[in-house]
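*Asks:* What follows is the residue order along each chain.
2 protein chains.
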Amino acid sequence: MKLTILKNELNDAIGHVSKAISSRTTIPILTGIKIEATYQGLTLTASDTDISIQSFIPIDKDNETIIQVTKAGSIVLPAKFFIEIIKKLPSQNIEIEVNDSFQISIRSGSSDIQMVGMDPEEFPILPRIEENHVLSVPGDLLKTMVRQTGFAVSTNESTPVLTGILWKMAEGSLKLLATDRHRLATREAAIEADSDLNFNNIVISGKTLNELSKIIPDQNTLVDIVVADNQVLFKIDNVLFYSRILDGTYPDTSKIIPQVYKTELVLRTKAFTDAIDRAYLLSREEKTNIVKLITQDEKNVEISSSSSELGKFTEQLEVETMTGEELKISFNSKYMLDVLKVIDSEFIHIGFTGAMSPIIIKPNDHVNSLYLILPYRTTN
Amino acid sequence: MKLTILKNELNDAIGHVSKAISSRTTIPILTGIKIEATYQGLTLTASDTDISIQSFIPIDKDNETIIQVTKAGSIVLPAKFFIEIIKKLPSQNIEIEVNDSFQISIRSGSSDIQMVGMDPEEFPILPRIEENHVLSVPGDLLKTMVRQTGFAVSTNESTPVLTGILWKMAEGSLKLLATDRHRLATREAAIEADSDLNFNNIVISGKTLNELSKIIPDQNTLVDIVVADNQVLFKIDNVLFYSRILDGTYPDTSKIIPQVYKTELVLRTKAFTDAIDRAYLLSREEKTNIVKLITQDEKNVEISSSSSELGKFTEQLEVETMTGEELKISFNSKYMLDVLKVIDSEFIHIGFTGAMSPIIIKPNDHVNSLYLILPYRTTN
Chain X
1 MKLTILKNEL NDAIGHVSKA ISSRTTIPIL TGIKIEATYQ GLTLTASDTD ISIQSFIPID
61 KDNETIIQVT KAGSIVLPAK FFIEIIKKLP SQNIEIEVND SFQISIRSGS SDIQMVGMDP
121 EEFPILPRIE ENHVLSVPGD LLKTMVRQTG FAVSTNESTP VLTGILWKMA EGSLKLLATD
181 RHRLATREAA IEADSDLNFN NIVISGKTLN ELSKIIPDQN TLVDIVVADN QVLFKIDNVL
241 FYSRILDGTY PDTSKIIPQV YKTELVLRTK AFTDAIDRAY LLSREEKTNI VKLITQDEKN
301 VEISSSSSEL GKFTEQLEVE TMTGEELKIS FNSKYMLDVL KVIDSEFIHI GFTGAMSPII
361 IKPNDHVNSL YLILPYRTTN
Chain U
1 MKLTILKNEL NDAIGHVSKA ISSRTTIPIL TGIKIEATYQ GLTLTASDTD ISIQSFIPID
61 KDNETIIQVT KAGSIVLPAK FFIEIIKKLP SQNIEIEVND SFQISIRSGS SDIQMVGMDP
121 EEFPILPRIE ENHVLSVPGD LLKTMVRQTG FAVSTNESTP VLTGILWKMA EGSLKLLATD
181 RHRLATREAA IEADSDLNFN NIVISGKTLN ELSKIIPDQN TLVDIVVADN QVLFKIDNVL
241 FYSRILDGTY PDTSKIIPQV YKTELVLRTK AFTDAIDRAY LLSREEKTNI VKLITQDEKN
301 VEISSSSSEL GKFTEQLEVE TMTGEELKIS FNSKYMLDVL KVIDSEFIHI GFTGAMSPII
361 IKPNDHVNSL YLILPYRTTN
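Taken in order, these protein sequences are the chains called X and U.
Per the UniProt record's numbering, the very first residue in the first sequence carries number 1; after that it's consecutive.
Per the UniProt record's numbering, the very first residue in the second sequence carries number 1; after that it's consecutive.
The list cannot tell twin chains apart, which means a pair is met if one copy fits it or any two copies do.
Here are the simulated lysine-lysine pairs, BS3-like style, with alpha carbons at most 25 Å apart:
hint, residue 1, residue 2
1, Lys292, Lys80
2, Lys80, Lys207
3, Lys235, Lys214
4, Lys328, Lys299
5, Lys168, Lys214
6, Lys334, Lys87
7, Lys341, Lys88
8, Lys87, Lys341
9, Lys87, Lys61
10, Lys270, Lys88
11, Lys312, Lys334
12, Lys292, Lys328
13, Lys334, Lys80
14, Lys2, Lys312
15, Lys362, Lys270
Since the hints were derived computationally from the structure, they do not count as laboratory data.
Model, not experiment: these values are computed from the prediction.
All chains should be modelled from the sequences, with the hints used to inform the complete structure.
*Replies:* Structure, rendered in structure tokens:
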């Protein structure tokens, strides 16, 4: 293998695939990035077995030559050092040469690095995925959907399926759902796809989707999603992002969402967030994060919290509208803040079905998202 | 105690004194901030016994009323919660009321916080310092002097005096010096002070001076420094910063600085920094950070490093001027980078007195700072 390549382009590709490198892996070959040169371009691959990412750099782009390949070939390089040294090379032009015994030279300006790489034959081969079922989602929408649900996944590895986000596709609508048994978040959106494309029980790790979000550029990009038996492939420009589908059956949550409410509030999102945030400061001293909400009259609710160590907090908050019964309810303020942080609307609607029933929070201006928090059972 | 105060002013003062709160203290009263209201203003005090900081808020500033004191008094409040809740209060106006049993109410907008404070009598009394010896140093100069020496203090608590920076004042010149036995940094500056103000062996913790630097504003501020028997007081506007002087005799380092060189190099600071930074990447894999510098001819030096795991790095670097003998020397690249980071000049001068003698680095355009690194003894 012998080639020259522009530093910035190599850096960008390294930045993409580096998301799949785990520092905790015990398999030596997976601490490396595989680079493979053909006369069409350079392919970088990294994998931690859960995620695999491949980034392709074409030999030219917009009439600019990016790579000149003199000899095709491949090698696996230790990722940590490779990532950092490429960033710091003195010149925009980088020359890479590999001999038959995996000896590699990297030259740039008057810098010269001599390394020993690893055998590319040892690197895991990425799965072939048949592209029968493809859906296309705008990148910024996909990032929003992941952000608006991912916070609710479980961090408890004892039920692996709950550490993931459930993906459902039916009748041209994609729905993401996450729950850790104490709270639930869903987000839905109409998506361009074959009308016969339906799936259910596709669960992808929340952490993985968070890494995926970091790779999706902010500007308009369409992400093609290919769903296979045990893998999902996300295609973003020249990057292929493979994720394992989590094993297990996702619990049916449809029955826990109440359809009628006994008390309904419309609140200004910012004012409610700020009040809960203040109440949270005291509540977290007790680890439980308990905050109490009590309806006062048609115009006000009282938000309060207390800590045996520090004291107590009370605030009167004006509501936009209130309908239904009087209410006294306790909930985890941290869970409420997590929901409020991902709601971009000016007003929110909160529906209650009694002090022991799930609390439902929705943005007031559309029906695409729904958040649920279970209340605390308290003695008064 | 009863008063109203503007949130921003209270926040700023809390921000200053909070630097003296240690999260590791076992003395309950020191987890608090003491607030004391008089009809002149509000004084906040915090202390971790090594550092004590006092910030005074006058009742008015620039014809604006900041505080209205209805009743004088004092209280100690739990710092962590107090710092955060004040920041998050809904209104610019804050009302604070304390009764005789240390019950405190904080009200702002429709928020109401009820807390129990601690007895201010239990809070340590700050030392009275006689202001016989005062020197005034411009704030930005003081920050620079601390930055240019503080990195070289020892982190090994077994010789406490070396964790500090040595302050010397003689003939109108202030000199700061730090060493951890492997390297040394000094910075000198002419200072306005009484001509008879001389001191030596004043050693102040590097960490403490780092905290002090964070309090000094960026714009032109004069810091008055009062040196007493076992304390130094720094006065910055309305903030008093007390620091303990470290016990022990600082070692005499004057004899280890060579006065003549066998080899001298002038190098472009940025180019040398970048080359050492690249070499460092490989060298740190061996934990020793060894980088080798070899003079090539009158125009070039070779910088190299190696790692048994990864490989080796070599770079040719053009020098501005070179005089004296040929040289082959090894040193800790991390120590060299630490020096290069604090040198603001375009060119540096490096003096060598042989492969086993201290390396002296100076900015090429002034004589106010000097850095020393001991070389490594290597076999070839």
